[in-house]
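Q: Sequence:
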Amino acid sequence: MKLNKTLETKFNEQITLEFEASLVYRQLAIELELKDLPGMAAWLRHQADEEIVHANKFIDHMADRDNHPRIGALKAPKVSSTSVLDVFKAALGHEQRVSESIRDLYRAAEKAGDLDSRPLLNWFIEEQLEEEATVSEIVGRVELINEDGPGLLRLDEELGARPTRTTESN
1 MKLNKTLETK FNEQITLEFE ASLVYRQLAI ELELKDLPGM AAWLRHQADE
51 EIVHANKFID HMADRDNHPR IGALKAPKVS STSVLDVFKA ALGHEQRVSE
101 SIRDLYRAAE KAGDLDSRPL LNWFIEEQLE EEATVSEIVG RVELINEDGP
151 GLLRLDEELG ARPTRTTESN
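Every letter in the sequence shown is one number past the one before it in my numbering, and letter 33, counting from 1, is 33.
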C-alpha cells in the first residue's frame with residue numbers, strides 16, 4: 001500500500017533529518033579529532049555512518065511502497081564545542097530531537113491507519129531508546145571524569161574500540 005501524500009512528506013522529512021544527524025556526528029567527530037581524542041572521534045564517525053543506515057531504511061521502505069524518497073535541503077551543522085562534555089551533550093540533544101521526530105511520524109502513521117509502517121517505526125522507537133541511553137551514559141561518564149586527562153584517555157580508548165559497520169541497511 002502506497003503512503004498517502006502527508007505521510008510521504010513526513011517520511012521524506014525524516015530521511016533528511018537522518019542525513020542531518022550524520023552531518024552533526026561528523027562535525028562532532030572533527031571537534032574531538034582536533035582535541036587529539038581519536039577514539040571518541042572514531043566512535044562519533046561510526047555513529048554518523050549509522051545515521052546513514054537509518055536514512056537508507058526509510059528510503060527502502062518508501063521505495064518498496066512505490067513512493068518517491070527525496071532528500072531535502074541539508075543544513076550545515078552548527079556545532080561549537082569547548083569540551084568533550086559539550087560534544088556529547090550536543091549528540092544527546094540531537095538524538096532526543098530524532099526520537100521526537102520518530103514519535104511524531106509514528107503518531108501520523110497511526111492517525112492515517114498505516115499499519116504497514118508499524119514494523120519499521122517500532123524498530124526505530126527501540127533503536128532511539130538505545131541510542132539515547134548510550135549517549136546519556138557517555139555524558140554521565142564524562143561528567144564523572146570531569147576533564148581528568150587519564151580518565152578521558154581511558155574513555156577515548158574504550159570508545160575507539162567500537163566495531164565498524166557498513167552504511168548499507170541491515
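Note that these hints are calculated values from the structure, not bench results.
Treat each hint with caution, since some may be false.
[Said to hold, decoys possible] List time: in silico BS3-like cross-link candidates among lysine-lysine, alpha-carbon distance up to 27 Å:
(1) K78 with K2
(2) K89 with K75
(3) K5 with K111
(4) K78 with K5
(5) K57 with K2
(6) K89 with K111
(7) K2 with K111
(8) K89 with K78
(9) K35 with K2
(10) K75 with K5
(11) K10 with K111
(12) K35 with K5
(13) K35 with K78
(14) K57 with K35
(15) K111 with K78
(16) K89 with K35
(17) K10 with K75
Q: Each hint should be assessed against the structure and marked as holding or not.
A: Okay, the hints, checked on the actual structure:
no.: 1; hint: K78 with K2; result: violated (36 Å)
no.: 2; hint: K89 with K75; result: holds (20 Å)
no.: 3; hint: K5 with K111; result: holds (14 Å)
no.: 4; hint: K78 with K5; result: violated (31 Å)
no.: 5; hint: K57 with K2; result: holds (16 Å)
no.: 6; hint: K89 with K111; result: violated (33 Å)
no.: 7; hint: K2 with K111; result: holds (15 Å)
no.: 8; hint: K89 with K78; result: holds (14 Å)
no.: 9; hint: K35 with K2; result: violated (48 Å)
no.: 10; hint: K75 with K5; result: holds (24 Å)
no.: 11; hint: K10 with K111; result: holds (13 Å)
no.: 12; hint: K35 with K5; result: violated (46 Å)
no.: 13; hint: K35 with K78; result: holds (18 Å)
no.: 14; hint: K57 with K35; result: violated (33 Å)
no.: 15; hint: K111 with K78; result: violated (34 Å)
no.: 16; hint: K89 with K35; result: holds (16 Å)
no.: 17; hint: K10 with K75; result: holds (18 Å)
When held up to the earlier numbered hints, the structure conflicts with 1, 4, 6, 9, 12, 14 and 15 and fits the remainder.
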